[in-house]
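First to last, the protein sequences are chains A and B. Residue 94 in my numbering sits at position 70 of the first sequence; the count goes up by one each step and never skips. Residue 551 in my numbering sits at position 188 of the second sequence; the count goes up by one each step and never skips.
No wet-lab data here; the hints were simulated from the structure. Being a predicted model, the structure only gives us computed values, none of them experimental.
No farther apart than 30 Å at their CA atoms in a straight line, the calculated lysine-lysine pairs in the BS3-like style are these:
| id | chain 1 | residue 1 | chain 2 | residue 2 |
| --- | --- | --- | --- | --- |
| 1 | B | 588 | B | 663 |
| 2 | A | 162 | B | 912 |
| 3 | A | 113 | B | 677 |
| 4 | B | 767 | B | 852 |
| 5 | B | 912 | A | 133 |
| 6 | A | 133 | B | 717 |
| 7 | B | 887 | A | 198 |
| 8 | B | 899 | A | 133 |
| 9 | B | 768 | A | 133 |
| 10 | B | 894 | B | 883 |
| 11 | B | 912 | B | 717 |
| 12 | B | 535 | A | 198 |
| 13 | A | 198 | B | 365 |
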Amino acid sequence: MIKSIVIAGVGGQGTLLASRLIGKAALAMDYDVKISEVHGMAQRGGSVITYVRYGDESIKSPIIPLGEADILIAFEQLEALRWTKYLKKGGLLLSSSQRIDPMPVITGKMEYPEGIGPLLCQTAENMCFIGAYDLAVKAGSPKMVNTVLIGRAARFLDIDKDIWLEVVKTTVPKAFIDMNLNAFEAGYNF
Amino acid sequence: MKELLLANDAVARGLYEAGVKVVSSYPGTPSTEITQAAARYKEIDTEWAPNEKVALEVASGAAIAGARAFSAMKHVGLNVAADPLFTMSYIGVNGGLVIAVADDPAMHSSQNEQDSRYYAKAAKIMMLEPSDSQEAKDFTVKAFSLSEQFDSPILLRLTTRVSHSQSITTLKDPQEIVLKDYKKNPSKNVMMPAMARVRHEIVEERIKKQEEWSYASDLNKMVIKDEKVGFISSGIAFQYAQEALPNASYLKLGVVYPLSKKHLLDFASKVEKIYVIEELEPIIETACKALGISVIGKDKLPVTGEYSVDLLRKNLLGMDSFNYLEDFDYSTVPVRPPVMCVGCPHRGLFYALKRLNLTVTGDIGCYTLAALEPLSAMDTSICMGAGVSALHGFNKARGNAAMKKTVGVIGDSTFVHSGITGLINIVYNKGVGTVIVLDNSITGMTGHQNNPLNGLDLFGNPAKQVDLEMLAKSIGIERISVIDPFDIKETMRVIKEEVEQDEPSLIIARRPCALLKTVKYTGKVFVDREKCTKCKVCMRIGCPAISFKNGQIEIDESQCNGCGLCINVCAFGALVKKEEGQ
Numbered sequence: 025m026i027k028s029i030v031i032a033g034v035g036g037q038g039t040l041l042a043s044r045l046i047g048k049a050a051l052a053m054d055y056d057v058k059i060s061e062v063h064g065m066a067q068r069g070g071s072v073i074t075y076v077r078y079g080d081e082s083i084k085s086p087i088i089p090l091g092e093a094d095i096l097i098a099f100e101q102l103e104a105l106r107w108t109k110y111l112k113k114g115g116l117l118l119s120s121s122q123r124i125d126p127m128p129v130i131t132g133k134m135e136y137p138e139g140i141g142p143l144l145c146q147t148a149e150n151m152c153f154i155g156a157y158d159l160a161v162k163a164g165s166p167k168m169v170n171t172v173l174i175g176r177a178a179r180f181l182d183i184d185k186d187i188w189l190e191v192v193k194t195t196v197p198k199a200f201i202d203m204n205l206n207a208f209e210a211g212y213n214f
Numbered sequence: 364m365k366e367l368l369l370a371n372d373a374v375a376r377g378l379y380e381a382g383v384k385v386v387s388s389y390p391g392t393p394s395t396e397i398t399q400a401a402a403r404y405k406e407i408d409t410e411w412a413p414n415e416k417v418a419l420e421v422a423s424g425a426a427i428a429g430a431r432a433f434s435a436m437k438h439v440g441l442n443v444a445a446d447p448l449f450t451m452s453y454i455g456v457n458g459g460l461v462i463a464v465a466d467d468p469a470m471h472s473s474q475n476e477q478d479s480r481y482y483a484k485a486a487k488i489m490m491l492e493p494s495d496s497q498e499a500k501d502f503t504v505k506a507f508s509l510s511e512q513f514d515s516p517i518l519l520r521l522t523t524r525v526s527h528s529q530s531i532t533t534l535k536d537p538q539e540i541v542l543k544d545y546k547k548n549p550s551k552n553v554m555m556p557a558m559a560r561v562r563h564e565i566v567e568e569r570i571k572k573q574e575e576w577s578y579a580s581d582l583n584k585m586v587i588k589d590e591k592v593g594f595i596s597s598g599i600a601f602q603y604a605q606e607a608l609p610n611a612s613y614l615k616l617g618v619v620y621p622l623s624k625k626h627l628l629d630f631a632s633k634v635e636k637i638y639v640i641e642e643l644e645p646i647i648e649t650a651c652k653a654l655g656i657s658v659i660g661k662d663k664l665p666v667t668g669e670y671s672v673d674l675l676r677k678n679l680l681g682m683d684s685f686n687y688l689e690d691f692d693y694s695t696v697p698v699r700p701p702v703m704c705v706g707c708p709h710r711g712l713f714y715a716l717k718r719l720n721l722t723v724t725g726d727i728g729c730y731t732l733a734a735l736e737p738l739s740a741m742d743t744s745i746c747m748g749a750g751v752s753a754l755h756g757f758n759k760a761r762g763n764a765a766m767k768k769t770v771g772v773i774g775d776s777t778f779v780h781s782g783i784t785g786l787i788n789i790v791y792n793k794g795v796g797t798v799i800v801l802d803n804s805i806t807g808m809t810g811h812q813n814n815p816l817n818g819l820d821l822f823g824n825p826a827k828q829v830d831l832e833m834l835a836k837s838i839g840i841e842r843i844s845v846i847d848p849f850d851i852k853e854t855m856r857v858i859k860e861e862v863e864q865d866e867p868s869l870i871i872a873r874r875p876c877a878l879l880k881t882v883k884y885t886g887k888v889f890v891d892r893e894k895c896t897k898c899k900v901c902m903r904i905g906c907p908a909i910s911f912k913n914g915q916i917e918i919d920e921s922q923c924n925g926c927g928l929c930i931n932v933c934a935f936g937a938l939v940k941k942e943e944g945q
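I would like the entire structure built from these sequences, with the hints used as guidance.
Right, here's the structure in full:
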């Protein structure tokens with residue numbers, strides 16, 4: 025078994041932390057794990073994609089092949105649409121309903137496509153649209169969007185809940201542990 | 364003990380386990396984390412140098428003095444450090460010397476995608492290339508013993524997808540390494556022609572011995588499965604190849620220079636059809652063909668960009684991947700290029716330059732993003748330092764009238780890296796030009812490293828701060844001004860005045876990076892609907908929080924950090940800041 029998870033978002037949204045949470049949890053389950061991250065220029069508000077793969081067999085490529093992701097976690101609608109090509113047949117698309125205009129939309133060069141949600145629902149068999157931003161604000165800070173989404177994704181991954189909670193506690197800064205646990209539960213119980 | 368480590372962190376762990384004493388580097392994506400992680404080991408004396416040449420010279424001095432020493436840089440950084448690299452190949456080492464160079468295929472964060480393996484070949488320095496974090500650590504440790512065994516620096520080549528991937532790594536205890544004796548030895552350590560001629564002969568012999576060693580070592584691995592099809596590969600491409608061609612035989616090369624000709628010939632004698640799977644340049648492929656081995660390489664696979672499992676499946680096997688939205692036109696999905704962050708101090712300066720319609724010779728850093736819309740306020744960006752020196756050439760070519768319409772810009776860290784010499788050149792050669800140093804008190808793009816202009820060392824401890832004004836004065840610049848790039852009016856006034864002068868001038872645009880913990884903007888900006896004329900001037904600063912929606916200006920509350928720059932550009936007082944609770 026190999027699980028492949030693509031995490032897509034906008035630079036600054038915390039996709040890196042999300043991938044590290046999954047990676048650490050998978051390691052705690054004694055799986056082989058590979059994560060591929062994005063650093064540098066793309067982090068400045070650009071389209072960012074990170075990959076996590078784990079399993080009970082040896083993982084080769086840290087980059088997930090197109091059409092092979094078990095789960096695509098999108099932090100933003102447009103990014104969900106952009107990276108659907110990673111999703112495997114029957115894979116789960118988990119997308120935040122958040123919308124962040126990219127510069128070509130702000131400058132009026134291009135339009136933000138309408139109806140992304142319905143388009144995605146029509147195609148992927150397994151689709152979960154979640155108001156992660158509002159849930160994060162409720163949990164204490166809009167910065168908790170990543171933990172909300174991880175909480176939701178946890179339902180579909182072969183990792184015990186106790187391990188998730190432990191990983192959250194040991195990964196995030198001390199002052200934000202409670203907030204992150206709230207955010208995780210909000211996603212988990214969505 | 365097992366840990367999930369970024370390969371860059373694993374290299375740092377390797378430095379610790381190999382008993383390295385001195386690390387000197389300059390940050391550069393994707394190599395930066397190596398040095399940052401090395402700094403966490405108190406046994407290693409770690410520093411940021413002003414540039415890669417200085418860094419490698421520091422490491423060279425330490426190695427000659429008998430310590431194990433190391434320097435990390437990105438591929439273009441090795442261009443800067445090429446001078447000491449080539450001659451250290453002749454001098455060799457005393458304590459081991461290893462240089463990590465991180466290439467960036469597909470240019471995730473770089474201005475070109477040069478292949479550093481050519482440097483190994485050109486400088487005749489053995490080069491190892493790991494494929495994951497475990498190998499990154501093991502090869503680092505091995506590189507130090509090889510360096511001492513062969514009396515040669517060793518290059519460790521990484522690429523973005525190795526450097527920035529995490530995989531499971533087994534940690535070991537550090538070796539006990541004692542400082543080696545230092546003995547004066549000018550025939551080895553002073554490279555004058557007579558000595559260098561002798562040393563060059565030694566280098567040529569060394570490379571032959573290293574190739575022999577490579578054949579006997581376990582860094583190269585040959586596995587024969589299917590005798591009909593096999594591949595030769597190294598680095599991250601090896602991982603992709605294993606997944607795309609799971610049943611194929613393979614020759615995995617850990618030593619990518621000198622290439623083990625015997626391994627190539629052995630493999631060719633055992634496998635019928637051979638693919639060479641290497642990102643960027645056809646170096647292994649060329650070596651195979653020179654040996655008369657028939658291989659499939661760049662005729663099927665690109666020289667440009669990075670590889671992937673999909674690319675190999677498609678180009679070598681004709682396989683397509685599954686896509687739910689097969690018929691969807693992805694070109695309708697707006698691209699999302701990186702942008703300057705909300706609150707970025709550069710935004711104010713480039714807005715002013717755009718308003719003044721100036722030609723701008725630019726440089727490398729976050730501020731290079733000013734070349735993109737809507738600011739579109741940068742004309743050139745070549746390499747670090749060229750913002751200053753190319754300005755001089757541009758002005759020479761186009762003469763007096765153009766000079767008054769041209770400025771050079773460069774960041775603070777970049778200025779110390781290689782802008783100072785360009786500025787001296789302008790003054791010395793009676794140039795006329797206005798250079799603007801964007802002093803945001805940090806090396807921004809690579810993720811916040813301190814530098815000699817912000818008065819903090821790698822650890823954030825106080826360090827002597829370069830006095831930029833005094834430095835400029837001492838090299839002969841008489842016109843020096845300091846501006847706040849958020850004060851648009853004053854910024855425009857000063858720039859206008861300075862470009863008119865018939866002598867060189869320096870403007871320091873000073874405001875710290877908005878992402879620094881010490882910078883605290885408060886409140887949010889709101890639109891006063893009654894005052895807003897919808898002129899959209901506020902949109903010209905390219906703030907990602909400001910957009911025009913449903914016929915009016917909108918400020919995205921979730922993004923606005925209250926920096927207030929937009930308030931300064933609105934002529935109607937329609938943008939108002941409200942503090943929390945107001």
